[in-house]
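Chemist: Sequence lines, in order, name chains A and B. Going by our numbering, the first sequence opens with residue 6, and the numbers climb by one from there. Going by our numbering, the second sequence opens with residue 365, and the numbers climb by one from there.
Treat each hint with caution, since some may be false.
On the chain B side, residues computed to face chain A include the following (Cβ under 8 Å) [as the list claims (entries may be wrong)]: (1) Arg398; (2) Leu411; (3) Phe413.
For the record, the hints were derived by calculation from the structure and aren't laboratory data. On a predicted model such as this, the values are computed, not experimentally measured, just so you know. Built from N, CA and C at the ideal position, the CB exists for glycine as well.
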Amino acid sequence: MGCDVVTVSTDTEYVHKAWQEHEKALARVRYRMGADPSGRLARLFGVYDEETGLALRGTFIIDPGGVLLNAETNYYNLGRNVDELLRKFKANLYMSRKAGEVCPSKWKDEGDRTLTPSADMVGRVHEALQD
Amino acid sequence: MPDTGGTGLKLGQKVPDFEIKTYEPARGDFGTFRLQDQLAQERWTVLFFYPADFTFV
């Protein structure tokens, strides 16, 4: 199933173009770079800073039905870990195909242990994660 | 201080349709991203907000 990453800041698409063309670290970028100069989208997602006119480091995973499944925001001074974003995306993708299963904190990829919550597991999560 | 997502969007609920102008490095051209198109093509979307171009992301 396909996924598209769209980056968004309050810069215009023209500035995105200039940045992508100048910054060597972005030479291989293929994702779309969204322009939100009015801050409308950043406000919708609750990451707009009215004092600075900038968007905080928010990451949102939306499924193919348009449902918001994950939201996380870092303040200005903390970058994001792409491995963790990928883990969350893979977990959401996996769970969308396996109704009833949940991915515990250490789940990294398909094949790792999942849990299927039930009355039997109440008070026995530790055991369920061990065997 | 910005809030942390208290503007009405909730996990497990549908995101209202939106569209934004884009720069698309893969084509070297400008375009428009619409959430509606993602739904029509049954594709997942990851929105990745950051403060400003020409800074670390």
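Chemist: Now tell me if each hint is right for this structure.
Modeler: Verification of the supplied hints:
no., hint, verdict
1, Arg398, "violated (11 Å)"
2, Leu411, "holds (4 Å)"
3, Phe413, "holds (4 Å)"
In this structure, the one hint that does not hold is number 1.
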